[in-house]
Every structure is written in C-alpha cells, then in structure tokens.
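Asker: Let chain A serve as the given structure and place chain B on it in line with the hints.
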Amino acid sequence: MSYRKELLARLRAQTLEPVPLPELAGDWITYPDREAQFGAALARAAGSVAVAAAGDVRRAVEALPVVQQAARFCSLVAAVPGNLAPPGEPGGFRDVDVLLCQAEFGVAENGAVWLDERAAPVRAGLFLTQHLVLLLERSALVDHMHEAYARLGARVGQKGYGCFLCGPSKTADIEQALVVGAHGARSLVVVLY
Amino acid sequence: MTLVQLSHPARARSFLADGERARFHDAALWQIRARRDQRAAELPEWEALRELAARIKAHTLAQLPEYLERFEENARRHGAHVHFARDAAEHNRIVFELLRARGVTRVVKSKSMLTEECGLNPFLEQQGLEVVDTDLGELIVQLRREPPSHIVLPAIHLRTADVAETFTRTLGAPPLEDAQSLTEFARSHLRAKFLAAQAGITGVNFAIAETGGIVVCTNEGNADLGMALPDLHIACMGLEKLLPRAADLGVFSRLLARSATGQAITAYTAHVHGPRPGGELHIVIVDNGRSALRGEARHRASLRCIRCGACMNTCPVFRRSGGHSYGTHVPGPIGSILAPLRDPDAHQSLPHACTLCGSCTAVCPVKINLHEQLLELRERHLEGPGLALSRRWGERALAQLLGWLLKSPGRTARLGAVFRWLGRRLPGLTRWGSLGRWTATRELPPLPEHSFHAQYARRRAERARAPSDPGARRQ
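Top to bottom, those sequences are chains A and B.
Under the numbering used here, the first residue of the first sequence carries the number 1, and numbering increases by one thereafter.
Under the numbering used here, the first residue of the second sequence carries the number 194, and numbering increases by one thereafter.
In isolation and in its complexed conformation, chain A is listed as follows (with noise of 0.2 Å):
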C-alpha cells in the first residue's frame, strides 16, 4: 500500500492559516558596469574572463594557454572547430582537454551563466572535461538571479537539463584549503565578445 494517500490525507487534516504566496517583484540591485562585476564575481568563484573582439572569437579562444596547450580540444561551437569530434558515449568525455561550448547568458552578481542541453547534448561533457571554455556574448548579461529566470522563463520546465555554472569545480573539505579541479573541470575561462 502506497504511502502516498495517507500522507496527503494527514496534511489535509491539519488545519494551517493560509498564507499568501508573495510576489516577487523586488528593488534588486543593479550593476552600472554588468561586464567588471560579472568578471570580479567570476574571478572569486576561480574562474576567468576573457574579451574577445567581435569576430575575432576564434583567434581569442585559440590563444588561451589553456586551449595552446591541450592535446584534446573539442568544439560544440561551429565557428571554432577542435581537433576532436564530440565523443557519442558520456564517459568518452573523460579524454577532453578542453572543451568548448555556447553559454547562453551569465549574470552579474555572481559570476554564473546558463547553459542546457542546447549547448551541450551530451551533459557529462560538461563535468568530464579536464577544462572547460564557454563563449559569452556581452550583451547576454543580466544583473541578478530573478532576471536570470525572468529571462529562462517557462523553458526552465522543459525536460532535461539546464545548468548554472559557476567558475571550476572546487572543494574546501580538507581544512578549508580551497582546491580548484575537486571532479569537474580544473578551469573555466568565459570568452566574452
């Protein structure tokens, strides 16, 4: 037997005073300068920015040390091709250098941007790679997180995945020695243009 209509009939039994859903409407902070604030906040989460000019992206991203000196690139960005096809299995991720994909906004108070299964079909590339480059249009900043899911909208409930992502991955479980690279990505450079 099923647990479930118990439960509800044992909430349903006890009597709470309703209380309003609030509104979320606020007087949030905003940023005169989204790009340094995204990029201080990004820098203190471990990660990098790097500017690009508009339709030198390819030239910028192949500049990075990062990507220099990987022997495994791989590109899910068209107008930046690797020297590795995107694996088709998820664990072949684990043999990335680098990767590359599309971010699709980032937000200012904190450094994160978006990305789904539009930007990376196969998402254990993501957490896989040994490094991790994303592409950002400066234009593609919000200030804070409400107008981050203002912004995502309804297309946050569509099934699948979808990603806030800030900086590498990190760990400060041993004695609270921050350690960048814990499973995920060992770097993150957001290339804005």
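Hints were generated in silico from the structure; no laboratory data involved.
Possibly wrong hints are sitting among the right ones.
[Unchecked claim] With a cut-off of at most 16 Å between alpha-carbon atoms, the simulated EDC-like pairs for lysine to aspartate or glutamate come out as follows:
id : chain 1 : residue 1 : chain 2 : residue 2
1  : A       : K5        : B       : D280
2  : A       : K159      : B       : E323
3  : B       : K560      : B       : E240
4  : A       : K159      : A       : E117
5  : B       : K386      : B       : D424
6  : A       : K5        : B       : E473
7  : B       : K386      : B       : E323
8  : B       : K560      : B       : D219
9  : A       : K159      : A       : D116
10 : A       : K159      : B       : E473
11 : A       : K5        : B       : E240
12 : A       : K159      : B       : E238
13 : A       : K5        : B       : E266
14 : B       : K560      : B       : E238
[Unchecked claim] Not the full set, but computed from the structure, chain A residues with beta-carbon under 10 Å of chain B:
id : residue
15 : I29
16 : R58
17 : L152
18 : K159
19 : Y161
[What the hints assert, rightly or not] Residues from chain B that keep clear of chain A, each with C-beta distances beyond 12 Å, as calculated:
id : residue
20 : R352
21 : A633
22 : A654
In this text, all values refer to a predicted model and were calculated from it rather than measured experimentally.
All C-beta atoms in this analysis are idealised placements derived from N, C-alpha and C, irrespective of residue type, glycine included.
Answerer: Just chain B now, kept in the frame of chain A:
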C-alpha cells in the same frame, strides 16, 4: 527525580581534549561566518530576500498537500517516477528495490542529509552493494566509518594529516601532505567509480511544484557526474523541499550559498526535469516525522530549513564542541530542535547546548526563530515531573529572598561584600556533585576588591587632597 542527561557536554569533552584541533574548528567556522556576512552585506536587499524566502516557505508548508500533488503530476509528465515513503525504513526499502530489480551493485552517491537521516549507506552495504560517497568530505568520513560532523562541511572536524592517514590506510594512497594532492588522489579514485557506477543517488535542494523539476547544488560537480553517467538516477528528498514556482529559485539561489559558505552561488546549480534519454529518474519523497512536525504550531517553522548550515557556523556552542557532540545527523541549532522533537528521550540535552544568544536566528536565511524554539523545548523538558517542584517552590522562594535583600541599601551592600568574597572562590567551590556538571565548564570574570561605593569615596578623597594633579582628574 530525573536529572538532565547531559550527553552533549560529555561528548564535547572528548572533542575539546585536543585543544589545537578545537581552536582550528572554531576559527575555520568563524571565518565562514565572516565570509557569509561579507556576501550578505553586498546586497542591499538581503533582509528583503530573507523575508521573501520565509514567506514563500511558510506559504508552501500551509498548502503542502496541493503542492505535493502538483509536483508529482508534473514530474510524472516528464517521465520521472515518484514514490512516497512513510519513514526511513520504507525509504531504504524503496531505494534498494529499485537497485535490486535492475541488478545494480555499484552506486555513486552525492551529499544528501536525508539519506544520512535514513541510514541508507549502511543499509545498502548490508545488502551487499558498493555505495561510494562522492562529495570529498563525505568520502573522507565514509572511509573513516564516521558520520559527517557538519551538514555542509562533513569533515570539518579533521585535519589534513587525518585525511592523509585515512587515504593511506583505506585506499592505499602514497604519503600525501597537502590538500591539493589529497584532492587530486580522490579525483582519480572517484572518476573510476563514476564511470563504473550503474546508478547515481542524489539529494534534492529544491523541488519545483509548477514544473516537476528538482534542483541540486554542489561545488564539486559530483552530483552532476552521478546524474549524467549512470542510466538510473534516484533522487531522495524530504517533503519540505518544495517550492511553488521556478521563479522562487531567484530568491533561494541568492540565499543558499551566501549563507552556507559565503559564495555568491554554488559552482553547479543543476535543474533536472525527467530522466536522460534512455535513462530512468526516480524521486523518493520522505515523511519520516515531517508531517507530525507540520502539526506542531510552535515548531513548524523548522520545516522551512534549507540546510545551509549558517546556524552551525555562527553558533558559539557548535564551534567549540564539534558536530559529533550532538549525536544526530543534523547537529547544531537546527538539529537541536529537530532531533528532540522526533525523539525527546534520546536528545533531551540538545536544547540546553545553547547560550540563547540568538545569533542562529539572526543569520538564518529563512528566518526560523531558532533560539526561541530552543528555549521552548527547554521549558517543555523542564516541565516534566522531575523539575516541577523546584520550579514551583524554589524559584518563588529565591525571588522573595532577593526582593527582601535588595529593598534595603544596607542589606544590598552587605550582599555585595558577600558576593565579592564568594566570587573570588567561584566556581571552584561548586565543582562537586550534580552542580559541578554545570560549573565545570564555566568561569567568572575577575571581580574588583572593593564595591563601587568604596572606590568612588576613595577617589573623591584623593582628589580633595591633590586638586591640581591632572593625573587624578583623568581617573
């Protein structure tokens, strides 16, 4: 007459035996508290966010049956399976059945306080499964066969050398000395586990009723790997994790990591709607005493908790006694409310492990009135049969005696003299018998030799003797 069973102080004593370790623990947590303050101060709307979060959670709890049904319906629409578990045993049974039916023997798990609460790991291990905790801190305590000592920082009670010894003893690691190389060792050990796992078990930070999705937040990316690699994903959540709307995450994603670790957001905030193509997603919603807590008007607000750990980092007792001294899966102020409400006999000393300073209440991102609830639980405990007599007669007699003494200046002055004499001998004089259990860990500040009256009279007399001495005036 039953005396308070002081299990917390007894366990804290063993933690404090290593003074250097205890000082590190205190300082490390206080540093996180300070970072939390910095992040909060950067947002002028911080208090408005806390207020909104508290109201959203209070609303959701009031309408819980409707939101549970809505979540279930929407999650199923995406192809997820939703299970309801009455208690820890049923939760463990459901999870095990799912694994057994698919022939799973290797499981990777990311951090989930709920599965700690249910004792899932030992249960699955008894059934012969390999269950690997993949959060670094959780892995360390799992290898040591210890419970986590903090809900966000599971291994905060350990030093680097302890971790090195653990890795060498249990995993055959070479001698390693620093956090960087120990983490690197764990990374390669766990990558193999992730790639070989047949199922991933995760917790849930938020469940969205209107979309049927779950949100999982980590810094390491371990939950994401556990959800992205094996075909079977089992997500375990308490029924209080619900939020009505996806847009509510705008509020909670701003509060959670700032409160927990002083980060603006966690490295990974994953939103999952339904299984991966070809995979399976099972969501197990657990009651285990939560519906009963919802019926307790004075403690219902505890169900708003988002398990950020801010109340632990700020608590002067937690910082100086360590999470293991609480003997519960959730320690600290919030644990000292949840545990005695579930099992009063086992955890009655916990509400007393509190100075009533109110710092926990001040930092709680969902505005739980933690210290007020702790005081209420103490009262409830003391109203038991044992202490009723002393409360009824003892306190009344003491109040009358004090009133009589303080009504007369002469009696008050003599009382002062007695206390100055006594004060220099306290609390040492009382360190025996049952009173000593309270005073053994307390000291009084040094008391002055003479009363204020006597000092004032003496200085006036000195000044009268030397009116032009500027030094005397400065006093």
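Asker: If a hint holds in the structure, say so; if it doesn't, say that too.
Answerer: Going down the list of hints, with the structure as the test:
no., hint, verdict
1, K5(A) / D280(B), "holds, 15 Å"
2, K159(A) / E323(B), "violated, 31 Å"
3, K560(B) / E240(B), "holds, 10 Å"
4, K159(A) / E117(A), "holds, 10 Å"
5, K386(B) / D424(B), "holds, 14 Å"
6, K5(A) / E473(B), "violated, 24 Å"
7, K386(B) / E323(B), "holds, 10 Å"
8, K560(B) / D219(B), "violated, 24 Å"
9, K159(A) / D116(A), "holds, 11 Å"
10, K159(A) / E473(B), "holds, 13 Å"
11, K5(A) / E240(B), "violated, 38 Å"
12, K159(A) / E238(B), "violated, 33 Å"
13, K5(A) / E266(B), "holds, 14 Å"
14, K560(B) / E238(B), "holds, 15 Å"
15, I29, "holds, 6 Å"
16, R58, "violated, 27 Å"
17, L152, "holds, 7 Å"
18, K159, "holds, 5 Å"
19, Y161, "holds, 6 Å"
20, R352, "violated, 6 Å"
21, A633, "holds, 30 Å"
22, A654, "holds, 57 Å"
In summary, the structure is inconsistent with hints 2, 6, 8, 11, 12, 16, 20 from the numbered list given earlier, while agreeing with the others.
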